[in-house]
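Visitor: Assemble chain B onto chain A, guided by the hints.
So you can see what is in the structure, the chains are spelled out below.
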Amino acid sequence: MAEARDYRAIGTRPVRPDGVDKVTGRANFGADMNLPNMIHGKVLRSPHAHARIKSIDGSRALEMPGVYAVISGADFPSGAEGEISGEGGGTVSDLAMNIMARDKALYHGHAVAAVAAKTAFLAETALELIDVEYEVLPPVLDVDVAMEPGATLVDENQHTRGNESAGPSNIAAITKFERGDPEAGFAEADVVVEGDYRVPTAHQGYIEPHACTATLDEQGRATVWCCTQGHFDVRSMTAGVLGKSVGEIKVIPSEIGGGFGGKTVIYLEPLAVKLSELTGRPVKMVMSREEVFRATGPTSASHCKIKVGAKRDGTITAATAWMAYEAGAYPGAPVGPGCMSVFAPYDLENFRIEGFDVLVNKPKAAAYRAPGAPQSMHAMESAMDELARRIGMDPIDLRLKNCADEGTQAPYGPVYPPIGIRKCLEAAKVHPNYTTPKAEGTGRGIAAGFWFNIGMQSSAEVRLSEDGTVTVMEGSPDIGGSRASMCLMAAETLGVPYDVVRAHIGDTESTGFCNVTGGSRTTFATGLAVVQACEDIIAECKKRAAATWDIDADQVDWTEGEAIPKPGVNIDVQPLSLADIAGSMGRTGGPILGRASLNAQGAGAGFSVNFADVNVDQETGKVDILSFTAIQDAGTAIHPSYVEGQMQGGAVQGLGWALNEEYIYDDNGVMENAGFLDYRVPVASDMPMIDTQIIEVPNPSHPYGVRGVGETPIVAPLAVTSNAVSDALGFRISDLPLSPPRVLAAIDAHEED
Amino acid sequence: MEAYAYARPTTLDEAVSLLAAHAKEGRRTQLLAGGTDVLVQMRSVDREPRTLVDVKHIADTNRLDISSDPVFIGSAIPSAILNENEELKSLFPGLIEAADLIGSTQIQGRATIGGNLCNSSPAGDTIPAIIAASGVCVIAGSGGTRRVACEDFLTGVGTNVLEADELLVGLEFPRPQGRTADGYLRFIPRTEMDIAVAGAGVALTLDDDGTCTAARVAIGAVAPTALLVPAAADALIGTKVDDEALSAAGAACTAASSPITDKRGTIEYRNKVVAVLCRRAGANARDRALAR
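Sequence lines, in order, name chains A and B. Numbering-wise (numbering that gives the first Met the number 0), the first sequence opens with residue 0 and increments by one. Numbering-wise (numbering that gives the first Met the number 0), the second sequence opens with residue 0 and increments by one.
The following block holds chain A by itself, in its conformation from the complex (with noise of 0.2 Å):
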């Protein structure tokens, strides 16, 4: 089991080795790849939310000059099979349908066609110029309308799995657990909340849009270049969706700015590489901020029930859960795991929880920092504050009260391993922006956010230069400061300096598989992949010292980045630096490299407790954060600017999505606000400093205590708002966001009873 201890490496705050590159621009990002002979493909989309797809018609397009090919459902293989890998899951046969319609479009912005023409501008102008004759449908927009009886279908051959015998149904999936005896345990509560909740859609919002750029080579095998949080999985999708084998794709990933989920899922390569295939060229197709709001992402729009029941003390002696997620056109909304951590943090004996995976005709779901959790978890916490105000109790007690510990059955299934939510709790209790007594007219709320992290499948291959100095490749694009954690880790187990190793992030063909970069996996699984590999390193090394010394590799120690004898081998000799290793293995054996290859358990559950204070204009509605604590269980910090950067980002995100972003549309589905002038993220002024406590229950799983960080950030600041709101105006407005329209109508409604 892992426990604290002193460290060389980790816990120190390098600068990230990419970091110059790309704030003086000269880092590769998705679009960047040009290729002699390009040409550039650009997607034709539905202007209906649902419509029947009669017919597509090329002819005209294909007749301007500079144009070379037009695609569109009819070009791509029907009935592909198998279930997608990594994070998001789904189908591929779903996948390949999402990103080039087929009989039907399913949302405003899905795509029908595409055409490569010589410069984008031109494949632009072809799009006008291919015919697309559709019979309007009317669509279902959301998420309670589609779950009533007799509601228009999304696809008339969607039945709920388990129940297909009920007919077709918008709703594709329900989730139940269950455990106790919730009707008993509300009957014995001395008091009851119960809530309403609704959360909107939310982008994931990455600076970058996507891009690709793809070619094929004399035998037919395609090259793809493009900004991913998972090449394999981008290889094995696109090979799926163009019914090839991952043996005649090879993926490169650029630099990528941001994901956050929404990176995981492909939408342009396998068109790319069927233009490239028509045409003979090599293909580029970069995606505008519009197309990214109109087809990618984003995730569900929720709507949450919460009951919970109480004795005078804080015990809870029941809760029950019932949530609907909007999936989108296909199967898929993040309901499992929302259903999963809505009652994460505590120690509960009666519950129940119902999830709902909902079809309406918006974009396909799709994964976004700790996915389902933030909606779900939006609710519960909202209900816990609203259960501490109705019995008198400091919120953080009452947390406190039902808190989960190690040894806890956790609410989705497992026995808790040692997780820190009553560190959090407690840290939060004595923080000093807590202790503080909030400022006259400000309102105060807290809560608890929890994710699962992933371990998943990872390889590492540690190579040792010639001079001494080290070069990590493993294959998990880095979108937070992923290279900076594998250096850490690999100086601190060989005894390096961080500044001799150097981790690169190796293409399909050349490192070993890894998953997406997704469930905050990375630092933790890909992390352990680089610690077995760099122990391969240091066991042959004492190998290599033990053959100079002519001694057995058992009586060598490595120790500081050094062999030396073990106490009480009787030799004489200088302790072999890495560096003198390195210097000479060219006669003592050859190259040294050292890999591994795993498919990690033990992720380690990771929790957080947020706080905030907030001022609410009660004459325009308009809610300004002035101060946020963001406290989180981080196992252990190999690089701790990187944690709290992870701490601050997901603060900033989640308090976005409280305030002001989601998705505007009107009756026909079309979304009105594609862009970031009117979906409105967070600009820096509107933000106060996040502050941020490292609390570190090291993961047992991990030989460092790794856990993940990337996700857990995201969840809690939205009850936080909530909360706060509520508490600064004395009445609570259950639905997301808080925009100023909303909270200065809630005002005015509250006014009037």
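Since the hints were derived computationally from the structure, they do not count as laboratory data. Please read all numbers here as calculations on a predicted model, not as lab measurements. You may find that some hints are simply not true.
What the hints assert, rightly or not - Which bits of chain B does chain A cover? Going by a derived footprint, with three or more residues having C-beta under 8 Å, they are: (1) 260-266; (2) 269-282.
Stated by the list, open to error - Where chain B lies over chain A, by a calculated footprint (3+ residues, C-beta under 8 Å): (3) 529-536; (4) 594-606; (5) 679-686.
Glycine included, every Cβ here is placed at the ideal spot set by N, Cα and C.
Guide: Below, chain B alone, put in the same frame as chain A:
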């Protein structure tokens, strides 16, 4: 296919002749000052080729007369120059706070209040402030120079009185006398990088005992164009600009508004907030005037 063209006249005559010649040939032109609206529109909403006529290289459009009466601000003067001018800030604190709301520091190095006016967006931030400060548009064209009060310059969403052979040379403002001051506020859901949901500019003159003797109130983003609201001014004149008078002025602003519901706000919301902004901007103008 017609291509984009770029012209850089160095005199008003040259600019007017160029515009007139294009108009005669039925060729489209677009005036270019800082370009912070034009360049964005060229890449998104309106990509039809046209001749861009850059007004930044003409002496008259670059004239800035701050010490004179009227004060003159050339249409090519970037707002950074205005925002950093202490005398202007002291004379027209409301106009300058409006100009300073538009764009980041970098954008303000290019953006002009003349361009903001000619773009004629209902939500243009400087427009209510210009109207409140009694701004007059100086327009050059084939027929010579004409002057149009700013509130009469605008004709609709994105449209104004400029003919195809005309350009805005600059804005004249009567030099504020005695206890005269202005204020401008707009509402956006964020702190910056956003477009006004509603805006209000108020200019006031107070006598020695603090009674309002003259007032102009203008509102933005709540009608197809920014509007002068005489009823709001009437509610202030003859009062000490106290809460009651400000509330009445705010109510007059709401009455004059005809907003729409869109992605930036609802009718109800805009009607309420324009009154709040009028009250708050009016209080700012009053306090500034009292301090003179």
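Visitor: Next step is simple, just say for each hint if it's right about the structure.
Guide: Tested hints:
no.	hint	verdict
1	260-266	holds (count 5)
2	269-282	holds (count 3)
3	529-536	violated (count 0)
4	594-606	violated (count 0)
5	679-686	holds (count 5)
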